[in-house]
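Asker: Protein chains in written order, with this note's numbering: chain A, 1 to 241; chain B, 1 to 241.
Any given hint could turn out to be false.
[As the list claims (entries may be wrong)] Taking lysine to any residue and the SDA-like style, the derived pairs with C-alpha atoms no more than 25 Å apart in a straight line are:
id	chain 1	residue 1	chain 2	residue 2
1	B	Lys37	A	His152
2	A	Lys69	B	Lys69
3	A	Lys69	B	Glu136
4	B	Lys154	A	Gly70
5	A	Lys150	B	Cys113
6	B	Lys154	B	Asp116
7	B	Lys150	A	Lys154
8	A	Lys154	B	Pro135
9	A	Lys69	B	Ala46
10	A	Lys150	B	Ser142
11	A	Lys150	B	Lys78
12	A	Lys158	B	Asp116
13	A	Lys154	B	Pro81
14	A	Lys150	B	Ala46
15	A	Lys40	B	Asp62
16	B	Lys154	A	Lys2
17	B	Lys69	A	Asp92
18	A	Lys78	B	Thr218
19	B	Lys50	B	Thr218
20	A	Lys158	B	Glu136
21	B	Lys154	A	Ala67
22	B	Lys150	A	Gly114
23	A	Lys158	B	Ala140
24	B	Lys150	A	Asp126
25	B	Lys78	A	Gly70
26	A	Lys154	B	Tyr130
27	A	Lys150	B	Lys50
28	B	Lys40	B	Tyr220
29	B	Lys154	A	Asp92
30	A	Lys2	B	Ala46
31	A	Lys69	B	His152
32	A	Lys154	B	Thr89
Calculated directly from the structure, the hints in this document are not laboratory data. What you are looking at is a predicted structure, and each value in this text was computed from that prediction instead of being measured.
There are 2 protein chains.
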Amino acid sequence: MKSITLVSGGMDSVTLMYQLHSQEAEQLILSFYYGQKHTKELDGAAALSKGLGLDQLIIDIDDYGLAIKGCALTDYRKDVPHGHYEAETMRDTVVPGRNAVMLSIAWGLAASCGADLVSCAVHSGDHYIYPDCRPEFISALSGALALGTKGHAKDTLKINTPFIKMTKGDICSLGASLDVPLQRTWTCYEGGSVHCGECGSCIERQEAFIIAGVDDPTTYLVKHDASHISELKRISSHAGI
Amino acid sequence: MKSITLVSGGMDSVTLMYQLHSQEAEQLILSFYYGQKHTKELDGAAALSKGLGLDQLIIDIDDYGLAIKGCALTDYRKDVPHGHYEAETMRDTVVPGRNAVMLSIAWGLAASCGADLVSCAVHSGDHYIYPDCRPEFISALSGALALGTKGHAKDTLKINTPFIKMTKGDICSLGASLDVPLQRTWTCYEGGSVHCGECGSCIERQEAFIIAGVDDPTTYLVKHDASHISELKRISSHAGI
C-alpha cells in the first residue's frame with residue numbers, strides 16, 4: 001500500500017504520517033510552501049519525516065498563495081486574527097482552493113508513481129470554517145480527479161481521510177498513543193518562534209491537549225484560558241461520563 | 001463579467017483570450033510554468049496578453065511538473081514522441097493532474113477576487129488523449145471546486161469552456177476571424193526555436209490551418225505531409241459539401 005501523504009507539520013498530519021507508518025504503508029511525504037507566514041511548520045514536517053526514514057518533497061506554490069488577495073495566512077499587511085475558529089474573523093484564514101490545489105498535485109504524483117492513496121488529515125473541527133475540509137468536497141474532488149486521470153492512475157486510487165469524523169482531541173490522543181513527538185509539531189498561524197497561543201489554531205491545539213488529557217509540551221507566548229474545558233472535563237469525570 | 005483565463009500561449013488559449021476581449025470581458029491572464037520543455041509558449045502568452053493591455057500572472061509550479069515521472073513534456077531524459085495524437089506513444093505527453101492543478105489555482109484566485117469565470121480552451125481534439133480535457137471531468141471538477149469554496153466565491157462562478165465541442169480547425173477559423181496573430185502562438189512540444197512539425201501537437205496545428213483554409217504562417221523544421229487532408233478538402237469542395 002503506497003500513500004502520497006500531505007504533511008504540513010501540524011499535529012494532525014504528523015499523526016497521520018505516524019499512523020500510516022505504524023501500519024507499514026509505503027509513503028512519499030508531500031509538504032507545501034504556499035507563501036504561509038508560518039513556514040516553521042515545514043521544519044517539523046522535514047525533520048519528522050526524515051526521522052521515520054521517509055522521502056519528502058516540498059512543493060513550492062507560493063506564486064499561487066501570494067496572488068490570493070486578503071488572506072491573513074499569506075498577506076503580511078493583514079494580521080492573523082485571534083480567537084476561536086467559530087469567530088467570523090477566522091474567515092480571513094481561508095486560502096481559497098488550497099486543498100483542491102494540494103490534493104490535485106498529490107493525485108497527479110500518485111498517478112505517475114502508481115500509488116494507492118492520497119492521504120490527508122482533515123478532521124471534523126476543520127469543517128465549520130474550511131469548506132475544503134468537508135466530506136462532500138473530498139468526495140466530489142476524488143471523483144473528479146479519478147475522471148481526470150482515467151487510464152493514467154490506478155482505478156482504485158482514492159483520497160484517504162481517516163480522521164474526517166474525528167475531533168482534534170481524538171487526534172491528540174491517537175498521536176500520544178503512537179508516541180508522536182507532539183512537541184515538534186507546529187500549529188500556530190503567526191510567523192513567530194514560539195506558538196502565539198491566541199490564534200484560532202493555537203486555541204484549538206491547547207483545547208485538544210486538555211480534552212485528550214495529554215500533557216501539552218508546547219511553549220505559548222500567551223496561554224489560552226481554557227478553564228471552561230477543564231471544568232467540563234472535571235464534571236464529566238466526576239459524573240463518570 | 002470578469003474571467004481568470006488560462007493562456008498557455010498556444011493557438012487555442014490565445015484565441016479564447018481574444019474572443020473574451022472582443023466580448024469586453026475583464027480578464028486576468030494566468031499562465032503556468034510547470035517544467036515544460038516548450039517554455040517558448042510562455043513568450044507568446046506574455047507578449048500577446050500585454051498587447052491587449054491585460055494583466056498576466058505566470059505561476060510557477062515546476063516542483064510538481066518535475067516530480068512527475070516519465071512525462072515526455074517535462075523529463076529531459078525522455079524524447080517527445082512524434083506522430084498523430086491518436087498514437088499510443090502520445091500517452092507520454094500526459095501530465096497527470098495538470099488541468100486539475102491549473103484550474104484549482106485559477107478557481108482559488110477567481111474566488112479571492114470575485115471573478116465570474118475561469119476560462120479554459122479545451123477542445124474536442126484534446127478529449128481522446130487527455131482525460132482532463134473531457135466534458136465530464138470539467139463538469140465534475142467545477143462541482144467539486146464550488147463545494148470547496150462555498151461562501152468564499154461567487155455562487156455563480158463556473159469553468160467556462162466555449163471551445164469544448166469545437167475542433168482545432170474551428171478554433172483556427174475563429175482565430176483568423178478575430179485577427180489573432182496566429183504566427184505568434186506556440187504549439188510545439190519540443191524545446192526548439194521553431195516548430196518541429198512532427199510532434200502530435202505540431203501535426204494537429206498544421207492540419208487545423210489546412211482544414212480552416214487559413215494560410216499557415218508557421219515555420220516548421222519538418223513539414224507534415226498533410227496531403228490526405230488537402231485531398232479530403234478538395235473532394236469536399238468539388239462535391240459542394
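Asker: For every hint, state whether the structure bears it out.
Answerer: Now the hints, each set against the structure:
1. B:Lys37 to A:His152: 21 Å, holds
2. A:Lys69 to B:Lys69: 33 Å, violated
3. A:Lys69 to B:Glu136: Since the Cα atoms of Lys69 of chain A and Glu136 of chain B sit roughly 31 Å apart, the hinted pair is violated (cutoff 25 Å).
4. B:Lys154 to A:Gly70: 16 Å, holds
5. A:Lys150 to B:Cys113: Cα-Cα ~32 Å, so violated.
6. B:Lys154 to B:Asp116: 7 Å, holds
7. B:Lys150 to A:Lys154: Cα-Cα ~30 Å, so violated.
8. A:Lys154 to B:Pro135: Holds, at about 21 Å.
9. A:Lys69 to B:Ala46: 22 Å, holds
10. A:Lys150 to B:Ser142: 17 Å, holds
11. A:Lys150 to B:Lys78: 22 Å, holds
12. A:Lys158 to B:Asp116: Not satisfied, since the Cα-Cα distance of roughly 30 Å exceeds 25 Å.
13. A:Lys154 to B:Pro81: Holds, at about 24 Å.
14. A:Lys150 to B:Ala46: 32 Å, violated
15. A:Lys40 to B:Asp62: 23 Å, holds
16. B:Lys154 to A:Lys2: 38 Å, violated
17. B:Lys69 to A:Asp92: 37 Å, violated
18. A:Lys78 to B:Thr218: 49 Å, violated
19. B:Lys50 to B:Thr218: Roughly 21 Å between the alpha carbons, so the hint for Lys50 of chain B and Thr218 of chain B holds.
20. A:Lys158 to B:Glu136: Within the cut-off at roughly 18 Å; holds.
21. B:Lys154 to A:Ala67: The hint holds at about 18 Å.
22. B:Lys150 to A:Gly114: Violated, at about 32 Å.
23. A:Lys158 to B:Ala140: Measuring from Cα to Cα gives roughly 16 Å; hence the hint holds.
24. B:Lys150 to A:Asp126: Roughly 14 Å separates the two Cα atoms, so the pair holds.
25. B:Lys78 to A:Gly70: Measuring from Cα to Cα gives roughly 42 Å; hence the hint is violated.
26. A:Lys154 to B:Tyr130: 16 Å, holds
27. A:Lys150 to B:Lys50: 36 Å, violated
28. B:Lys40 to B:Tyr220: 15 Å, holds
29. B:Lys154 to A:Asp92: 16 Å, holds
30. A:Lys2 to B:Ala46: Measuring from Cα to Cα gives roughly 40 Å; hence the hint is violated.
31. A:Lys69 to B:His152: 12 Å, holds
32. A:Lys154 to B:Thr89: It holds: about 19 Å lies between the C-alpha atoms, which stays within 25 Å.
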